[in-house]
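Colleague: Residue strings, one per chain:
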Amino acid sequence: MKIEFKDVTFQYYSEEKPVFEHLSFTIEQGTTTAILGHNGSGKSTIAKLIVGLLVPNAGQILIDDVELTEQTIDEIRKRMGIIFQNPDNQFVGVTVRDDIAFGLENHQVPREEMIQQIEKYATLVDMKDYLDKSPEKLSGGQKQRVAIAGALAMETELIIFDESTSMLDPKGTKEINQMMRSLKENFQKSIITITHQLEEAIFADRVMVLNEGKIVLDGTPQVVLKEKDILEASGLKLIDGLDVLNRLEKDDFDHKSSIMEALWELIFKM
Amino acid sequence: MNDSIVFGQYIYRNSFMHKLDARVKLISLVLMMIGVFLIPKDHFILLGIAFLIPILAILFSKISLFKYLKSLKQIAFVMLFSFVFQLIGNHNGELLLKLPIQFTVVNIAIVVLALIIYFIVRKYLPFKFLIFVLLLIGATYLFRYPIYGHIIHSFDFLIYQEGVIHGLFLIGRVFVIILASTSLTLTTKPTDLTNALEWLLQPLEWIKIKTSIFAMMISIALRSIPTLFNETNRILKAQASRGADFNESSLKEQIGQMVSLLVPMFVISIKKAEDLADAMEARGYIPGEKRTRLVKMTFKVSDYMVLGAILLLFVLLILGKCGVYAL
Ligand SMILES: Nc1ncnc2c1ncn2[C@@H]1O[C@H](COP(=O)(O)OP(=O)(O)O)[C@@H](O)[C@H]1O
Ligand SMILES: [Mg+2]
Numbered sequence: 234m235k236i237e238f239k240d241v242t243f244q245y246y247s248e249e250k251p252v253f254e255h256l257s258f259t260i261e262q263g264t265t266t267a268i269l270g271h272n273g274s275g276k277s278t279i280a281k282l283i284v285g286l287l288v289p290n291a292g293q294i295l296i297d298d299v300e301l302t303e304q305t306i307d308e309i310r311k312r313m314g315i316i317f318q319n320p321d322n323q324f325v326g327v328t329v330r331d332d333i334a335f336g337l338e339n340h341q342v343p344r345e346e347m348i349q350q351i352e353k354y355a356t357l358v359d360m361k362d363y364l365d366k367s368p369e370k371l372s373g374g375q376k377q378r379v380a381i382a383g384a385l386a387m388e389t390e391l392i393i394f395d396e397s398t399s400m401l402d403p404k405g406t407k408e409i410n411q412m413m414r415s416l417k418e419n420f421q422k423s424i425i426t427i428t429h430q431l432e433e434a435i436f437a438d439r440v441m442v443l444n445e446g447k448i449v450l451d452g453t454p455q456v457v458l459k460e461k462d463i464l465e466a467s468g469l470k471l472i473d474g475l476d477v478l479n480r481l482e483k484d485d486f487d488h489k490s491s492i493m494e495a496l497w498e499l500i501f502k503m
Numbered sequence: 019m020n021d022s023i024v025f026g027q028y029i030y031r032n033s034f035m036h037k038l039d040a041r042v043k044l045i046s047l048v049l050m051m052i053g054v055f056l057i058p059k060d061h062f063i064l065l066g067i068a069f070l071i072p073i074l075a076i077l078f079s080k081i082s083l084f085k086y087l088k089s090l091k092q093i094a095f096v097m098l099f100s101f102v103f104q105l106i107g108n109h110n111g112e113l114l115l116k117l118p119i120q121f122t123v124v125n126i127a128i129v130v131l132a133l134i135i136y137f138i139v140r141k142y143l144p145f146k147f148l149i150f151v152l153l154l155i156g157a158t159y160l161f162r163y164p165i166y167g168h169i170i171h172s173f174d175f176l177i178y179q180e181g182v183i184h185g186l187f188l189i190g191r192v193f194v195i196i197l198a199s200t201s202l203t204l205t206t207k208p209t210d211l212t213n214a215l216e217w218l219l220q221p222l223e224w225i226k227i228k229t230s231i232f233a234m235m236i237s238i239a240l241r242s243i244p245t246l247f248n249e250t251n252r253i254l255k256a257q258a259s260r261g262a263d264f265n266e267s268s269l270k271e272q273i274g275q276m277v278s279l280l281v282p283m284f285v286i287s288i289k290k291a292e293d294l295a296d297a298m299e300a301r302g303y304i305p306g307e308k309r310t311r312l313v314k315m316t317f318k319v320s321d322y323m324v325l326g327a328i329l330l331l332f333v334l335l336i337l338g339k340c341g342v343y344a345l
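Chains as they are written, first to last, in this note's numbering: chain A, 234 to 503; chain B, 19 to 345.
A hint or two may mislead.
Partial pick of chain B residues on the chain A-facing surface, computed with a CB cut under 8 Å [unchecked claim]:
id, residue
1, Asp293
2, Leu294
3, Met298
4, Glu299
5, Ala300
6, Ile304
Derived CB-CB ranges, DEER-like [to be verified]:
id, chain 1, residue 1, chain 2, residue 2, range
7, A, Asp240, B, Glu271, 54 to 60 Å
8, A, Asp487, B, Glu292, 55 to 61 Å
9, A, Lys470, B, Met283, 30 to 36 Å
10, A, Gln304, B, Arg252, 40 to 46 Å
11, B, Arg260, A, Asp473, 31 to 37 Å
12, A, Lys470, B, Arg252, 25 to 31 Å
13, A, Gln244, B, Arg252, 33 to 39 Å
14, B, Val281, A, Gly468, 28 to 34 Å
15, B, Ile238, A, Lys489, 58 to 64 Å
16, B, Ser82, A, Lys361, 31 to 37 Å
None of these hints come from the bench; they were simulated from the model. Small disclaimer: the values here were computed from a predicted structure and weren't measured. Where is the CB? At the ideal position from N, CA and C, for every residue including glycine.
Only chain A is shown next, with the shape it has when bound in the complex (with noise of 0.2 Å):
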């Protein structure tokens, strides 16, 4: 799924400032990108926009070169499919099976199908012995794998993670981050992942970083992640090694391209 920001202007009405004003972005069908920037800097509303919960002041959206309008919203959305941030908040369902359920049955899948497709997404979470449970018997990273499944059983183009492990303990946090990044090696959809943490970005194919309603950065992880200075000013806390790695950069030692590039992997592969 192809999308296209053209000139976005957004603003809360109960706020001064617009988040931001004409912002101009395309995401490439098929890809995965990670959107980057610290709290409170747009991430969830550029999401929102692009699922229509929110309308832009000005500017376009185009999805696939068809403009988010309310005549086209709904026929649209049932092509993407979202997970929030906090497990508990978007449980819609009174258990697992009625959770994942609960999409198809707005879009109209017969029961039957529906059936098929609750045990084949909630077997790949790794859920189907949860189906009856209810959601206070869940933890945080198994709400949020109910709701991975929710999203992959209407078979979307689009999956986007809108910071979906920050309330997620560190063990949650894993399972997730291993989740996106299995459906990115195994399913042909377009993924963008909205985050605060760098180490959740690398990953992607393209990671932008947002920052006072700007696009500040975009490319490849391995560029972006270059710039410490832009990404120290855009809010964002370094991985680990890369500071070294970084240091390392300016130095001059032996067999310096090979140690780079092996010490870049492992970054990657964490």
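Chain A is fixed; fit chain B with the ligands onto it per the hints.
Modeller: Relative to chain A, chain B with the ligands alone:
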């Protein structure tokens, strides 16, 4: 499915009543309520037949009678009150009993003392309600016989036949309905009940009332109760760890603590509602739009049989009311 829902009155068992379709139970309850109020005044035979229905429901629910009685207990006082009201107010029929009652200072003192003692020690008493009733009867008994002293006031407490009969009939009606509705809530999951309600209200969709929205609201509310409950506990614990004590503080402090509980709860609820609305909309929910349903409700043979039996009784009652035959 056994441990999926823990809130509400629902108690999991593997029984006939639990397996009965929620719609059948709901329709039966509605018919029971109408039926019981259509029963001609003081017709105890018909009331007895109506009474058999919740009795059967209880027997086939594998839930102990005690749980049912608990729900009766909550309304026992109201029942007693309406009975006494009937006794005092209804002066029709034969005079059954004439109780000359005379108040003397000593009698009143003893009764008041007994009541005071009761209210002090009731915390430690089992069968409080029974003891309370016995105490009241004892008090009237005491008033009848002036023990000693100057008679302040005397009158005759008259009990008439119709007062007793009508009072009992009134209690009987409430009894049947309370037992029947308790059978429903004890054996039906809240979600099944919502689905049944939505199904039952379907005809309203023809006159353009979006009952599906209403049902969605109920199920979202049901779904949110446990999480909000957990939130409340969390905040209470946080307050307790900051030294607040709900049990041992002045009224003013308690009000302050309530406010400092309510404000965050309000903020959390609003944030939650906003997030949930976003999540639902993003997942393609359009209020009132057609949706397919995962839950499939199918009537089994046993459902048809129970529904048939209830309908038959109801129709027989209506025909009798219409004068087709004498009830
Ligand atoms: N519902 C809202 N009403 C008013 N202001 C909001 C609302 N949501 C977010 N904001 C403001 O918009 C800015 C961007 O928020 P957001 O997109 O949520 O950032 P991020 O997701 O990057 O943390 C912040 O300054 C935030 O305070
Ligand atoms: Mg955000």
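Colleague: If a hint holds in the structure, say so; if it does not, say that too.
Modeller: Outcome of the hint check:
| no. | hint | in the structure |
| --- | --- | --- |
| 1 | Asp293 | holds, 3 Å |
| 2 | Leu294 | holds, 6 Å |
| 3 | Met298 | holds, 6 Å |
| 4 | Glu299 | holds, 6 Å |
| 5 | Ala300 | holds, 5 Å |
| 6 | Ile304 | holds, 7 Å |
| 7 | A:Asp240 - B:Glu271: 54 to 60 Å | holds, 57 Å |
| 8 | A:Asp487 - B:Glu292: 55 to 61 Å | holds, 58 Å |
| 9 | A:Lys470 - B:Met283: 30 to 36 Å | holds, 33 Å |
| 10 | A:Gln304 - B:Arg252: 40 to 46 Å | holds, 44 Å |
| 11 | B:Arg260 - A:Asp473: 31 to 37 Å | holds, 36 Å |
| 12 | A:Lys470 - B:Arg252: 25 to 31 Å | holds, 28 Å |
| 13 | A:Gln244 - B:Arg252: 33 to 39 Å | holds, 34 Å |
| 14 | B:Val281 - A:Gly468: 28 to 34 Å | holds, 30 Å |
| 15 | B:Ile238 - A:Lys489: 58 to 64 Å | holds, 60 Å |
| 16 | B:Ser82 - A:Lys361: 31 to 37 Å | holds, 35 Å |
Taken one by one, the earlier hints all hold for this structure without exception.
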